[in-house]
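**Q** One line per chain: the protein sequences are B and W, in this order. Quick note, the first sequence lines up with residues 8 to 439 if you use my numbering. Quick note, the second sequence lines up with residues 8 to 439 if you use my numbering.
Some clues are possibly wrong.
No copy is singled out in the list; a pair is fine if it fits within one copy or between any two copies.
[What the hints assert, rightly or not] Straight-line alpha carbon distances no greater than 25 Å define the calculated BS3-like cross-link-like pairs of lysine-lysine that follow: (1) Lys178 to Lys102; (2) Lys429 to Lys391; (3) Lys391 to Lys95; (4) Lys347 to Lys102; (5) Lys9 to Lys130; (6) Lys43 to Lys130; (7) Lys95 to Lys130; (8) Lys102 to Lys130; (9) Lys367 to Lys429; (10) Lys409 to Lys188; (11) Lys409 to Lys391; (12) Lys397 to Lys178; (13) Lys429 to Lys397; (14) Lys130 to Lys367; (15) Lys178 to Lys188; (16) Lys260 to Lys31; (17) Lys409 to Lys347; (18) Lys349 to Lys409; (19) Lys31 to Lys347.
No lab work stands behind these hints, which were simulated from the structure alone.
Protein chains: 2
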Amino acid sequence: MKELGIGLLGFGTVGAGVVEELQKNGEMIANRIGVKPVLRKIADVDLDRDRGVNVDRSMLTRDAESVINDPSISVVVELIGGTGIARKLILQALKAGKPVVTANKALLAEHGAEIFGQAAERKVDVWFEASVAGGIPIIRSLREGLVANRINGIYGILNGTCNYILSSMDKEQVTFEHALKDAQVAGYAEADPALDIDGIDTAHKAVLLASLAYGFHVPMSDVYVEGIRGISRTDIEYARGMGYKLKLLAVIKNESGEIEVRVHPTLIPVEHMLSSVSGVYNAIQVEGDVVGQTLYYGRGAGRYPTASAVISDIADVCRELAFGDIKRRYSFSWQKEEVKLKNMGQIESRYYLRASLLDKPGVFGQLATVLGQHQISIASVLQKERHAGKQVPVIVVTDRAKESDFDAAIADIDAMSAVGAKSVRIRIEDLG
Amino acid sequence: MKELGIGLLGFGTVGAGVVEELQKNGEMIANRIGVKPVLRKIADVDLDRDRGVNVDRSMLTRDAESVINDPSISVVVELIGGTGIARKLILQALKAGKPVVTANKALLAEHGAEIFGQAAERKVDVWFEASVAGGIPIIRSLREGLVANRINGIYGILNGTCNYILSSMDKEQVTFEHALKDAQVAGYAEADPALDIDGIDTAHKAVLLASLAYGFHVPMSDVYVEGIRGISRTDIEYARGMGYKLKLLAVIKNESGEIEVRVHPTLIPVEHMLSSVSGVYNAIQVEGDVVGQTLYYGRGAGRYPTASAVISDIADVCRELAFGDIKRRYSFSWQKEEVKLKNMGQIESRYYLRASLLDKPGVFGQLATVLGQHQISIASVLQKERHAGKQVPVIVVTDRAKESDFDAAIADIDAMSAVGAKSVRIRIEDLG
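Isolated chain B (complex conformation) (with noise of 0.2 Å):
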């Protein structure tokens, strides 16, 4: 049977995921796809440490460029992540003419033109499964199971730390602090969590599924991004009494051709199947015009399902370049689809909002007509507690209303001198 030869740059916990995998099930691998990939090189940093798979010493290297021009190697890839060196390293491979595999879905996020611009000029690919939900096969689905379908909605829970913590929140009613402390000893939470909690790694797959879906490169910066880390169990406690629980949600939307790409706090009903994605689990809804609503489950980070997604993508490209069609597509059709992006002050949404108001007379109707006075009209309001003459929580949800006309109704409310501190607005998404 036909080798191709793979080098690895980068041998942390996928790398070496990717390489324990290939030596377990190559053989069966091989026979599906009929070609075998046979793994040549591996470029780290650090050459001695034990990563729980066995390696022939002479296989390692720091030099990742001596494994990007190795000619025994045609498959490079990258799983160094970051935008630092991996970007250098992926636009030298590109150059050489070797198709990518990566999982670096900041990179494809923030310097995805570059990137997949080079490969388009070099005639060659870059697949990156692996850089959205692990190793639940999206990338795939939306390219080609669903290629039938003009993409109505995309809503994603994209980011295990973040699940985590907000299972942990509304299970085991603990405070953020002490979820994020618990992901952190469990190995769910880096050292420094910000990338994950405060939504920028969810913003980084959104920008890949979008792209996807409509055949353009969303630039980053015109993603809205909230995280969770002001997230406080009340609102977890009082969604839940309204039948919501709270998710970090990716939100895409086509609008008669306005697309929204957001990352927020969300609540959602908590009877759909997204509710129930617990834990560091990831899960996609797609709705497509023509297949209506489907949904994608399974692990979204870690060793082992991140090397799923790799393998796949190395298992793709070698039957491609075994069959001699490297030039069959592009990760990217970039055949931009008649769209437009929305700002964020254009979309309109469900809206929770959590007042913190004096319990007086006349004061909740000073609320309900500033939201008014904005177009805002209430669909419930709930207020447990009473404390007259203090400040009590009051929850409304709203209608649908447009996220400009909210701001600009919380900046009036938080003036009023009947509200006693800043209110929190988390937006809903009924999912259809």
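Given chain B, work out where chain W should sit, using these hints.
**A** Chain W alone, transformed into the frame defined by chain B:
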């Protein structure tokens, strides 16, 4: 842009859906894949019926062979269904060297060896995404997305009619007969519903999934099939009280090289995501040794979801024809893994047993003794009604036991003089 001619055999519900969606989204699809699929001919026995879609009358013909042999047609799409004329026409198309796209699960499950054999001989391929779980891209996910994985298990709700009936029985507390009639009125069940409710359709799909997962053609005759005709509301209600939902489940398992493929009413934990799949939706949980659990959900049948899957195959085959790699791969790798098929007696399961027992001291002891004699241990017992001297239902949930042992035990139990009616047995899957 290059154009490729498509010939459609069968202008029924799904065929008309394919035509409609190719008209609506054809331009977009062509831009995405870089080649334009153009529908050139449609064969059907009925040229006059209104299908809710406009086609040039000159495209229609009663002569299917003229479509297959038309030199302007590169891809044949078979949407006639059944194992008669469809088989003959597919074999003809393959013989003529034309790739075939089909939604025909019955044909592929029952004559797969012949069809795929012919395809391999002629070096063309058969595409069948639409044959399992309608719009859900499960074939691509299993074959390409999870290529790195040994498949440990597949658990599928694969028949919308059955799931609709079981959901109604559960939610609206109606009998099987009532729910079936509702499904027929709603257009979700055929006038002759046998293929669906007797589990045959689910078994056809299970055969295709198992064949893909393990690389050999699993014979339909080796699949244990039990439908939902015998299901009573009583058992749905008792099971719900014990934390289970009843689903018609396709179960495919690989335990150390021993494969089991079976279809039967199954109790699954109520908190599992598959339990929340209701109505005509389908879902499939796939467990890979690398990726862990993944799940895929969507509409499993109907004009549009099926059209979405058919068109995804048309798109892929056009891309392959246009960019010159028709020999890239075949549907199945036919590299049988080191596995053998279990017969039903060898499988192991937990069981729900409802016995109709005389309410008299010592009778339950007799039942427990019989179970013990067959190496079956009891996990829990439920007896709600008391009616001294009469028969009452007693529910026993067992630990894991061998099917052949349980067969023997149930025969002994039904032979007890204190047992008033045939016992009910439902298998349980705890779904890890």
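**Q** 25 Å Cα cut-off: does Lys429 pair with Lys397 within a copy, between copies, both or neither?
**A** within (15 Å within a copy, 68 Å between copies)
**Q** Under a CA distance limit of 25 Å, which applies to Lys409 and Lys188: within one copy, between copies, both, or neither?
**A** neither (36 Å within a copy, 45 Å between copies)
**Q** Regarding Lys429 and Lys391, is the shortest C-alpha distance of 25 Å or less found within a copy, between copies, in both, or in neither?
**A** within (19 Å within a copy, 54 Å between copies)
**Q** Using 25 Å as the alpha carbon limit, work out where Lys367 and Lys429 are close: within a copy, between copies, both or neither.
**A** Result: close within a single copy only, 18 Å intra versus 68 Å inter.
**Q** Quick one: Lys95 to Lys130, C-alpha cut-off 25 Å, is that within a copy, between copies, both, or neither?
**A** Answer is within: at 18 Å inside a copy they meet the 25 Å cutoff, but 42 Å across does not.
**Q** At most 25 Å between alpha carbons: which applies to Lys102 and Lys130, within, between, both or neither?
**A** This pair counts as within: shortest intra-copy Cα distance 10 Å, inter-copy 35 Å.
**Q** Tell me, please, which holds for Lys347 and Lys102 at an alpha-carbon limit of 25 Å: within, between, both or neither?
**A** Classified as neither: same-chain Cα gap 32 Å, cross-chain 48 Å, threshold 25 Å.
**Q** Are the CA atoms of Lys43 and Lys130 at most 25 Å apart within a copy, between copies, both, or neither?
**A** both (23 Å within a copy, 21 Å between copies)
**Q** Since the copies are identical, ignore which copy is meant and state whether Lys9 and Lys130 lie within 25 Å (CA to CA) inside a copy, between copies, both or neither.
**A** both (23 Å within a copy, 19 Å between copies)
**Q** Tell me, please, which holds for Lys409 and Lys391 at an alpha-carbon limit of 25 Å: within, between, both or neither?
**A** Neither: 28 Å inside a chain and 55 Å across chains, both beyond 25 Å.
**Q** When no copy is named, should Lys178 and Lys102 be tagged within, between, both, or neither for a Cα gap of at most 25 Å?
**A** neither (50 Å within a copy, 60 Å between copies)
**Q** When no copy is specified for Lys397 and Lys178, does a C-alpha distance of 25 Å or less occur within a copy, between copies, both, or neither?
**A** neither (30 Å within a copy, 45 Å between copies)
When held up to the earlier numbered hints, the structure conflicts with 1, 3, 4, 10, 11, 12 and 14 and fits the remainder.
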